[in-house]
Structure formats: C-alpha cells, structure tokens
Amino acid sequence: MTPATARRAAAIAQRLAEAEATIEALLSGQIDAVVDSTTRAPVLLAKAQDALRASEMRYRQIVETANEGIWTIDENSVTTFMNGRMAGMLGYSPEEVIGMPLTSIVSKAEQLTAASNIESGRRGRRSDSALIRKDGTELWVSLSSAPRFDAAGKYAGALAMITDRTEHREAEVALRRSEEQYRQIVETTTDGIVTVNPSGQIVFVNRRFAEMLGYQPQEMIGKLATTFMTTAGQAVAKAAFKRRAEGLKDANDSGFLHRNGNEIMVNIAGSPVFDAEGNHVGSLAVVRDITESTRMQSQLMVSDRMASVGTLAAGVAHEINNPLAAVMANLDYIAEIVGQLGGSSRGTMSPAMRDTWIRDEITAPLDDAREAAERVRFIVRDLKMFSRSPTEELKGPVNVKAVMESSLRMAWNEVRHRARLVKNYDNVPDVDANEARLGQVFLNLIVNAAQAIPEGRAEDNEIRVTARLEGKRVVIEVADTGPGIPPEIINRVFDAFFTTKAVGVGSGLGLAICHRIVTDIGGELTVRSKIGAGTVFRVSLPEAVIEAAPVAPATAISSATRRGRILIVDDEEMIIRILTRILAKEHDVVTTVDAREALAMCARGEKFDLILCDLMMPIMTGIELHSEISLLSPEQAQAMIFVTGGAFTEKTRSFLSDIPKEHIEKPFDAANLRAIVQRHLR
Amino acid sequence: MAKRTAKAAPVHLRLYVAGNAPNSVIAVANARAICDEHYTLGYKLEIVDLMDHPARALKDGIVVTPTLVRLLPAPARKIIGTLSDRNQVLLALGGS
Chain A
1 MTPATARRAA
11 AIAQRLAEAE
21 ATIEALLSGQ
31 IDAVVDSTTR
41 APVLLAKAQD
51 ALRASEMRYR
61 QIVETANEGI
71 WTIDENSVTT
81 FMNGRMAGML
91 GYSPEEVIGM
101 PLTSIVSKAE
111 QLTAASNIES
121 GRRGRRSDSA
131 LIRKDGTELW
141 VSLSSAPRFD
151 AAGKYAGALA
161 MITDRTEHRE
171 AEVALRRSEE
181 QYRQIVETTT
191 DGIVTVNPSG
201 QIVFVNRRFA
211 EMLGYQPQEM
221 IGKLATTFMT
231 TAGQAVAKAA
241 FKRRAEGLKD
251 ANDSGFLHRN
261 GNEIMVNIAG
271 SPVFDAEGNH
281 VGSLAVVRDI
291 TESTRMQSQL
301 MVSDRMASVG
311 TLAAGVAHEI
321 NNPLAAVMAN
331 LDYIAEIVGQ
341 LGGSSRGTMS
351 PAMRDTWIRD
361 EITAPLDDAR
371 EAAERVRFIV
381 RDLKMFSRSP
391 TEELKGPVNV
401 KAVMESSLRM
411 AWNEVRHRAR
421 LVKNYDNVPD
431 VDANEARLGQ
441 VFLNLIVNAA
451 QAIPEGRAED
461 NEIRVTARLE
471 GKRVVIEVAD
481 TGPGIPPEII
491 NRVFDAFFTT
501 KAVGVGSGLG
511 LAICHRIVTD
521 IGGELTVRSK
531 IGAGTVFRVS
541 LPEAVIEAAP
551 VAPATAISSA
561 TRRGRILIVD
571 DEEMIIRILT
581 RILAKEHDVV
591 TTVDAREALA
601 MCARGEKFDL
611 ILCDLMMPIM
621 TGIELHSEIS
631 LLSPEQAQAM
641 IFVTGGAFTE
651 KTRSFLSDIP
661 KEHIEKPFDA
671 ANLRAIVQRH
681 LR
Chain B
1001 MAKRTAKAAP
1011 VHLRLYVAGN
1021 APNSVIAVAN
1031 ARAICDEHYT
1041 LGYKLEIVDL
1051 MDHPARALKD
1061 GIVVTPTLVR
1071 LLPAPARKII
1081 GTLSDRNQVL
1091 LALGGS
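As given, the protein sequences belong to chains A and B, one line each in that order.
Sequential numbering of the first sequence, starting at 1, is according to this note's numbering.
Sequential numbering of the second sequence, starting at 1001, is according to this note's numbering.
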C-alpha cells in the first residue's frame, strides 16, 4: 500500500464514521438542520421540531396525570414548576405556586432537613415529610428528591416526587382491618385451627382448639403436637406430617386427648404451608370435633328404629287387641258357665253328657283363650326383638326366615290394606348377623314396599318376599308392585335424608341405615326398579360360618317329684297368685311382694330350696336382692331363679348371663314352670 | 467566548448550529460546559450559525447541524448531535 492509498483509505474510513454518526444523530433526534446540496443552504427539520413538541407534550401529560405530585425548584429553592396533582394536594392552583420559596411549602421543622438534603444532595433522597397547605394545615407526604444540574454540571435545583401518605395510612388501616377480620374468623370458627413447624411443634392454636382439649392457647404453643394425641392419633399424625413435607394435603380421622384424659374424636384437614421462596415451613390443620357427631350417628340409628317401631305401634296394638278380646270374652264365658254350675239343670245329666258339656262349655273356650294369649305372646316377643340396643353388637347365626316372619307380623297392619303378601322361602342356612338389626332392615323394606302401594286395592297388588341360596350367599328379596322408582333418583335412595315421602312420614334415614347395617355384616343391599312395574330390594348376606348352636335337649318331664320349700318374690300379686296356684300342690310355697321382706327372711335363717324372684321391682330389684343374699349366704343365692318379663337394659342382660341358673321368661306355661322347678330341686 | 493560555497546546473547536433550533441551543450549552470543565488551560470555541452563513456549510463539508468540529489539535474530527453524552464527546475529542 502506497502512502497515497493509505491516506485515501483513512479518509474514506473517517467519512464512513461521520456518516454513521450522522445517521445515529438523526435517528435519536439530535439534528435540527440538514444542508441542502443544491441550494447549499441549511434546511430546518420541521419533522424534528414536531417530534420534539410531541415528546414534550407526552412528557407534560405524564407529569400532569401522574398520581404523584411533581415539584421542581431552582438553585435558590424557588418553585419553578408544580403539577396539578401536587398543587391540588396543597390547595393551590399550579400557577399560584410558581416563584414560591421552599420555606412557604415545607414546614419549619422540615426545612433543616430539606436544606441539608439540598447541600449534600447529589443523590436522590426519600423521606416522610410534612408540607404546609395553603390553609396552614399540615400535609404528610412521602417525598423523593433528586438534584438537577445544568449543562455545566452546577447544581440547578431539585425535582421532588410526592406521594400523599394519607392514602398509605388508609391502606395500613385497611390491612389492619382485614387482619382483624381474619383473626376474628380464626378465633370464632367452631373448628380448631393449629399450625405446626416442620419438627411438629405447635406454632399457633386458636382458642377453639385449645378449648377442645381443655387448655389455654399459650399452654400449647411450643409443645410437640403429638403430646396432645392418642397413640392412634400419633401414628396418623406421623404419616400426615410426612405427606405435608411432600406438599400434599388431605383429611383424616384421628384422636386427641383432652386434659381430663378423655379421648376426643376429630377430623383433621391438613395442608402444607410454604414461605414466599417455596420452602416447606410447616403445616396448617383445621380440626373438627366429631365425638358428638359420631355419638349422634349411633343415636340416629336408634331413633330410626324407634320411629319404625313407633309407626307400627298402632298396628301392633290392633294385633294385640284382637287376641286379647278373645282371651277376655272366652274367660268371661267360662266364668258365666261355672257360675251356673250350682244350678239343678245339670244334675240330671248322664256322665257321658256331662263330659261333652264340660268339653264344649269349658275346655273349648279355654283352649281358644290360650291360643289367643299365645298370639299376644308372639307379638310381644317380636317387639322385644326390636327393642334391643344396637350397642349390643352380638352377632351369631340368625334364622333369616324367623326374622322375616317377625318383621312381617310387625308390619302386617301396613301391608294388609295395600297388597297380598306372597312368601316364597327356600330352605336357606343361617346368616351371621345381629337379629335385631336384621329385623330392622327387613321391617324397613317391608314398610317401604307397602307405602309404595296406595291403599285400597289390596287384591291387585302384591308384596313378594323371597329367600333363596345363591352360592354361599343367602339372598332375601322384597318386591312390590308399586309405581317404581324413577331412574334419575334411584342412585340416591340410599343417601341419608333423601326421601320422597311426605314430611313426617319418613325421615329419609331408613334405607341409609339399612344399607349401613347390611354392609357392616358383610352383605349387600341393592335395588332395581322399573317404572310401572315395581321395585325390588335385594339383601345378599354371607352364610353363617359358625354352626348353629345345638338345640337344648328336650326337657324330660319326670313324674318323680320332690317336695321343696319355695320362696316367691314378685311385686305383682297376680303373678304370685298364679305361681302359687301352679306350685302349691307339689311344694311348700312362701310368698312376698317386697324384696326387703325376702331378705329379712333369709337374714332370720330361713332356708329355701328355690327362690323364684322377679327382676324388675320397685324399692329393691332382683339384682339388689341377689347381691344382698350373696353376702348373707352364697349358697342361698345360688338357689335363685329369676322370672322376667324381658331384660330391657344392658345391665340386666349382662346380670342374667352371669347367673349360672336359667331364668324363666314371662309369659310362662304351667307345665314348663313345674318342669324347671323340679329340675332345680334335684 | 475564547480563552487563551500561552503554554497550552492549542485547542480550536468550531460548532455549526442552525439559529435557535432546540438541538443547537443544547449543543452550544453542552459544548461550553464540556470545554470549561476539561480545557482548563484554555481553548477556542467558535460558534458558526449556518442560518447566517449558509455558504460556509459546504465549504467546510458540513451536512447537518449541530456539528462540532475539532480543528486543533489535528487531525480534524467531527462530532454530530447535541453533545449530551459527555463521555462520548470527550472520547471523540481525544480525552481530557
């Protein structure tokens, strides 16, 4: 390269650089004239002017519409500009304040700070300051200022941006109010709320949760949450904490311990808590006390059964009244006949005629009365079956047909006006269930079937009850010829409180409870229905695995009798009289209506071979008498046989099952009573 | 607007402007501020208004305003724009 070309190259490079700089300056709007090569005169760039004006307007708009106050002062602290927002805050018009010194706008206490800010101020400052309004009052603002410099770099004043702090204060108040609201929710909710840190220590508990467990909130904070749990609850919590650490939420039933040692059943809904960076910082749990609702649930089951029984009470009364009328009428008739015996008219009868007369006039009505009484006895036995408490979870082999028969007798009054009853029982094995509960299920299904059919056309309708064996399962079906269940609600019939019956007729609990009872014993309760054709409820139960208890060997009625000394204790004189009547010919009988007198006899040293004692008596019960006699003479207590109209409480039932001797159920028949007494005298 | 100091390396600048057009006004202010601050030993700043002397434009190879030309020290350099970027301007002028 020659020096000449090198110079030319350098010149070209320089011109290129200049061209580049020119374009850049043009683009950034720093050019205001271009020299026209033809006229050789500079031409002002109108466009650049327009752009400048436009950008100035934009700037002004921003300044005027800004939410912040904008204020500029010159190097002598005299106001050069103030936007409408700030002037408004101070109660001035923007024009009024031009030329106003800083000292008229910033309060005296602030002026010193302002002055030092200005002096030190190459850097923007932010501070809370008080300004003075036109009316002299103070305006609290947050003020950011930045110094301005002229082209020569000299301090040329300052620009300040101002925010009204009243709004901040309002926001603070709003925040406090919202916090207060949350606190109120947390403190007044009926659920317990607890938060724990990752190591399981309690960080916060609301008042309700502390109350649930009998503590003050501050007594619980800092302690391990597990110290308040039952052993089972601790296991649940351990698994739950682990899931929280994995970021999972869920709900569990668990147990806490009240300060007084009582177990509290709860449902815990727990969620993990994360900080702003997403770290797991603990868990929050909402705790609901379900002790009460668990108890309520079992109570509901009892009350539903009571409702079923209640519904049927009228029908049962009717059922009892018929045979009772027969008993009374027949006995009246016999009494009448016997009253006439003294008369002369029968004196002439031959012995054969006399036998016939006795059979027709006395034995036949007596048999009728006895048969009628027997029916009452069945009905009462059925009622007793339903009265058993569900807390007695005794399961055992149950004869499905017998339970179904009891239920049908109970429901007969509901059925008979509506439909014919068709029974179709195969020979099915026993099922493993609780008799009372199964009876409740059957009764519900039968009553439902009956209520599905309108009254009046019993001949045209049918309730069909079938029992059959399908594999290893006993299947019982209750079918009706009612209108059927619409497909849109058939999935809801087992839901609690779902009912189509009128208010007061059904609680909506019946089928829900049936479903639960059947499921609890390993069975299934299903429904199928066809509009216009009727509904079939199907109960499928597992066959009992336990062999049916061997039937007690028939009592051999021994003709060889032994005379014994028997004490009869019963508060009902009628019972004393009939017991005496039955036993007095074969035994020496002593009677009393007061257990205390019986005790006194024993205390005097009187000996009895047998004491027939009622269970439920006022003043002193059979159980009390038994324990008193046991203290005096265990041997004499061993000789007690209880005669009971039904063990209706759990206490009496467990008492009877602890007594080695059998007990006699009311009503009893004479032959059986004599046999039992004889057996125990031997 | 010129200052001179005998012992200093001579600094001669010329700023071409277009009347009172805004960029020109800014450029004048900036040029003065920069010169005052950095050529403390003295300098010569000529302001040429092309509206008054349009003929000088093409003669001196000026196509737009504002343009600052460093005549001395040689070689000549041109800086185009409002001269607002102080550092950039000083770099182009050859430092302080």
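Note that these hints are calculated values from the structure, not bench results.
Just to be clear, a hint being listed does not mean it is correct.
[Unchecked claim] Example chain B residues on the side facing chain A (calculated, C-beta under 10 Å, incomplete):
1. 1014
2. 1022
3. 1024
4. 1081
Beta carbons are placed, not taken as given, at the ideal position from N, Cα and C, and that holds for glycine.
Hint check:
1. Checking residue 1014 of chain B against chain A: minimum C-beta separation of about 15 Å lies over 10 Å; hint violated.
2. At about 6 Å, the closest approach between the beta carbon of residue 1022 of chain B and any beta carbon in chain A falls short of 10 Å, and the interface hint on this residue holds.
3. Satisfaction of the interface hint for residue 1024 of chain B is found here, the shortest Cβ-Cβ separation to chain A being roughly 6 Å, below the 10 Å cut-off.
4. For residue 1081 of chain B, the suggested interface contact is upheld, since its CB lies about 4 Å from the closest CB of chain A, less than 10 Å.
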